[in-house]
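S.K.: Residue-level listing of the chains:
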Amino acid sequence: MFKKILIANRGEIARRVMATCREMGIATVAVYSDADEHAAHVLYADEAVHIGGPEPSASYLNIDSIIAAVKQTGADAVHPGYGFLSENGDFAERCERENITFIGPPSHVIRSLGDKITARKIMEKGGVPIAPGMTRPCLDVEEMAKEAEKAGYPILIKASAGGGGKGIRVVRESSELKDAFASAVREAEAAFGDGSVYMEKYFETVRHVEIQILADRFGHVVHVLERECSVQRRHQKIIEESPSPAVTPSLRTRMGHAAIAAAKAAGYVNAGTVEFLLAPDLSFYFLEVNARLQVEHPVTEMITGIDLVRHQILIAAGQRLSLRQEDIEGRGHAIECRIYAEDPENDFFPSPGTITCIKEPSGPGIRNDCGVYSGVEVPVYYDPIISKLIVHGETREYAIERMVKALKDYVILGVRTPVPFMIDVLESEAFQSGEIYTHFIRTHFPDWKPDTRTHDLALIAWVMDELTGNQRAAAGPDSNRIPMPYETLGGWRMA
Amino acid sequence: MFKKILIANRGEIARRVMATCREMGIATVAVYSDADEHAAHVLYADEAVHIGGPEPSASYLNIDSIIAAVKQTGADAVHPGYGFLSENGDFAERCERENITFIGPPSHVIRSLGDKITARKIMEKGGVPIAPGMTRPCLDVEEMAKEAEKAGYPILIKASAGGGGKGIRVVRESSELKDAFASAVREAEAAFGDGSVYMEKYFETVRHVEIQILADRFGHVVHVLERECSVQRRHQKIIEESPSPAVTPSLRTRMGHAAIAAAKAAGYVNAGTVEFLLAPDLSFYFLEVNARLQVEHPVTEMITGIDLVRHQILIAAGQRLSLRQEDIEGRGHAIECRIYAEDPENDFFPSPGTITCIKEPSGPGIRNDCGVYSGVEVPVYYDPIISKLIVHGETREYAIERMVKALKDYVILGVRTPVPFMIDVLESEAFQSGEIYTHFIRTHFPDWKPDTRTHDLALIAWVMDELTGNQRAAAGPDSNRIPMPYETLGGWRMA
Amino acid sequence: MDYHLKIQEEPVTVSVMKGDDNTTRISIGDRIYTVTGSRVDRHHLHLTVDGKRGDVFVGPNGSGKHIVIEGQSHVVEDMDHPGLSARSRKKATGIPDTVTPPMPSVVAAVLIEKGGTVVKGQGVVVVSAMKMETTLVAPYAGTVTAVKIAVGDKVNPGDVLVDIEQKTETDESVG
Amino acid sequence: MDYHLKIQEEPVTVSVMKGDDNTTRISIGDRIYTVTGSRVDRHHLHLTVDGKRGDVFVGPNGSGKHIVIEGQSHVVEDMDHPGLSARSRKKATGIPDTVTPPMPSVVAAVLIEKGGTVVKGQGVVVVSAMKMETTLVAPYAGTVTAVKIAVGDKVNPGDVLVDIEQKTETDESVG
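Line order of the protein sequences matches chains Z, C, S and D.
The opening residue of the first sequence carries number 1 in our numbering; numbering runs sequentially from there.
The opening residue of the second sequence carries number 496 in our numbering; numbering runs sequentially from there.
The opening residue of the third sequence carries number 991 in our numbering; numbering runs sequentially from there.
The opening residue of the fourth sequence carries number 1166 in our numbering; numbering runs sequentially from there.
Just so you know, the hints here were simulated from the structure itself, not pulled from any lab data.
Just so we're clear, the structure is a prediction, and the values are computed from it rather than from any experiment.
Just to be clear, a hint being listed does not mean it is correct.
What the hints assert, rightly or not - Simulated pairs of lysine to aspartate or glutamate, DMTMM-like, Cα-Cα distance not exceeding 20 Å:
#1 D:K1171 <-> C:D951
#2 D:K1217 <-> C:D951
#3 S:K1042 <-> C:E532
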């Protein structure tokens, strides 16, 4: 087993990986940029290495710097978390060359799955259902027109080189194809230096359902059930759950088998996720493979009791996967809310700043994977995720109730968060019905505003804070002490 | 469903019950003594009523005062928690007469199970295995001598009126019987005004294994698996787990059936626990029924995903139990450590005082049911429990690792706790082997001392606290802010 | 005593009187509340309002206070003591009246030069915060008289990044 | 600079010197550590000791400090500034030299009266803390000259609950 693991990431996911390392008795190394000297993941590690300036390119994406940190500390392995270098074939290959264990799939698998058309080809060959459309790059609009007729409109044009939503066009009827094709090619050419595009059928009303997989080096692959990730804003998942309200036991088996087939077709090793589109008729189509630990992996952990990070480490250390498919069973219902530093009253713009106070919810069935603490600054340079709040309940209904209560118990001062928005989503009939498609937020919360039911209470709080001597309490050596009511009002009464 | 529930308890269990009430949209009423005006359970409730002086008899055991609080606030139901009035037949009966729902079994069931001989008789009649011995009160040593020969020595003499360990004697051979009998009768007479005693076989090496049950008003009873509670100090459980390392699937079924038979024989309604002694040959004997929620109920919740308090409330509201026996399945392994305010370096004497700082462990698979907060006083009048730390892991081994890590992450300043002792117990081969009997602590940790491996670090911490300006940081308005290393050493460097 | 407060941009007058038995009476509009409270820690107050208890959490937010209650988040400012935090916010029209970022951010691109002319709504600076890029636009047509920032600078709401001299005679937005 | 500290009743001298690059060098016995640190909050320090990082938590404990590190709990006192907290503790013999409770507690029963005589080891007061009763015994034979408490009183370690005038000539423990 590894003696020391370097976590090439930051924030909540770095802490979450370190938590399992500490349980396993493995020493941890944090890396940090100038902006993260006092970050939570740095405090939580056994050692920490400064790797560069605040911009990701100078630090968390800086391969040379991270490899140097591995060598300096003598770490055996690197866990990349999600984002940053987690799906970077060059980084995985560099680790392979330097004899550092990369806790993830081999570099050639990352590369082939990272290319959209290659991935589609692998899946088609492996018998995994893919959305009707093309599996080769296309530079000719006539060729695409023929394929589009076969698949049926609406269709989606995508750049083969792909990434970041660039070069994507929805085409609703044939008359629009020519212009959309030209503009997609132009954008792809500009963005990637490669104008080739391809086409898939576009589904208006669709769920995003993904299957977690675990695969060891010996060809043993299991799926660890599904996650429903349809609640998205700006193509970013915000609420995930498991099981999916749409997935029946037989569909679960079929999607699980498809995911295992996908993993086998790709030669996948370690933990990964096969994303599917699930249509209302319960047909499903391969979307992509996330060749890393997902942000939303805790919902799977909550319903299965399995620690995915531990299995990632065991697999990377060359061990056989101890889990058999028949041992993996979901129980109850889990929901995750992503708590970002963003202002729901200002178009969900990022809200970086200093967290003056955080009180995490706790109690039965509640888990909070948190990357900050009271007094820390949430820097402007990185993903705005502060924490992921996850609950487990006996049923979906109970889990929703538990999440609402946990959100109401969650206190974050200093930066804004979507907590008030999340509460309204979870309490909505639309969410509770389970009829969730990727346009859910657009459809049901197109112009959300916070309600005003606590306005009077907030004004009262402002006054009472003033009267109970905020300034004095903060300045005194005893500010932890609870003043008696008489004392707390004393200052005001004498004024 | 109830609109408002009064929780006739304090500390962590009051908060834990309130958490489920809040999830269910039920308003909560706390009661508090003079010593608890600022206690955590009071802050967590929607309403709070002062019920008397700090001594339990004046407040949490004061039936009139609690009934008055129910009427004053218009609560529909009372949840008694554990301890205090939870197994007091008079209180349950008073609630019945006043038309207040008591969330627990009927008063006559509490009374008959509270009497040791009556309970043994009920169980014998219901076909539940009881330890060999007598089922009638005895005042004649010759009669007992005959029964003792039948059961075989060693035997245990117990007072029928029973309670608090009074009137209990272990007799190892027949020659000791006469003196022991006489002294037990004297003690019982003095303590309860009733000198009658009875006798059971005594087991030297035995486990304490209990079965959780749930029973609705319609005669539907399920068992919710077992808990292993053999790790005890001064007859008080300190570490509990589920499943029991000793219980095989077939034994689980047999013990479960016995517990269901016990519940049916007693006419039990609501959540309860049937305690058994489990001998090394896997024979088991009824010990007693705890007619309430147990302290250690969270380990059952962690492995089954079931919220026992929710089911208590649903049952009390007259609903049918929604759980079927075949739906109840354990998964993984859960362990609970009871965190008391006690000093492991001073014979585990109580350590009341003010909690100057508490940082609760959190993360995957960790739950902490906590009844205190930074700045609160732990009063001298009540049970010293501060919180219960519970973890869940895929296997017993992983759960132990997780608990050790969680204990190491747990910070409590101002009162002493058994955390260092717990770490040593969990890390011991003896505990890890699963060979745990009720004399475990006596056998393996007869004279525990904390190790000294962190002494140097503690001395360094003392110095660095001094150098980084503890006083100034505490006094300044910015004490939440993180000073830079240069600043933190500044004061010292100028000195 | 009256306080003139602003909550979520809405001005409200709050009157505070001493009540009986160490209570405080607070009136907001035609609603009168009887309040007691104690401070649990620097940011945590426990209030009893008309018999119902609750925790409220209060922290600084510029010259105002950030207040969180049961998951709801509020900014309350004292209009009698307005401070630095009264920063320009995006107006309902969608176009602020100065070139200032909506959030603390880093300058990712400068799209104009000093001396250049811009039309209303033209992108002038791209700022980036937490992986999200936002293009700041010219609030009116005119000539760029100063570019006060460069790529990589950290900027905050209220900072004016670019000065534009307004082209007054032919205001395109008329009509 | 030298500190004379006491940890878990053990006296230790700790020498502190300035190191290179804002480090502090701390020597304890023959062990020398290179330390840097920062304060995360009032009770939380983050230290790097010889390259290994860790959180330590420090709070007041009478005149000393209560320090928690990785689940281990320590009381450290400054012997150059001894304070009120240096209270009498139970000695290894099992009998303290005054009638004082081992923990903060409430008097549950008083077993003697003023003017009465007691033998060494005789129970004189029962105190109760957190459902646990402890009987305090006479440290020596003698006559009770004062009973300073009554049932229900809150008492603390160090408080002398009963004065006993020692019977000197016939000390039973001799021999």
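S.K.: Is it true that the CA of K1042 of chain S sits at most 20 Å from the CA of E532 of chain C?
M.R.: At roughly 15 Å apart (the allowed maximum being 20 Å), E532 of chain C and K1042 of chain S satisfy the hint.
S.K.: Taking 20 Å as the top limit, are the C-alpha atoms of K1171 of chain D and D951 of chain C close enough?
M.R.: Given that 20 Å is the threshold and the Cα spacing comes to 12 Å, the pair holds.
S.K.: If you draw a straight line from the CA of K1217 of chain D to the CA of D951 of chain C, is it 20 Å or shorter?
M.R.: holds (14 Å)
The structure agrees with every numbered hint stated previously.
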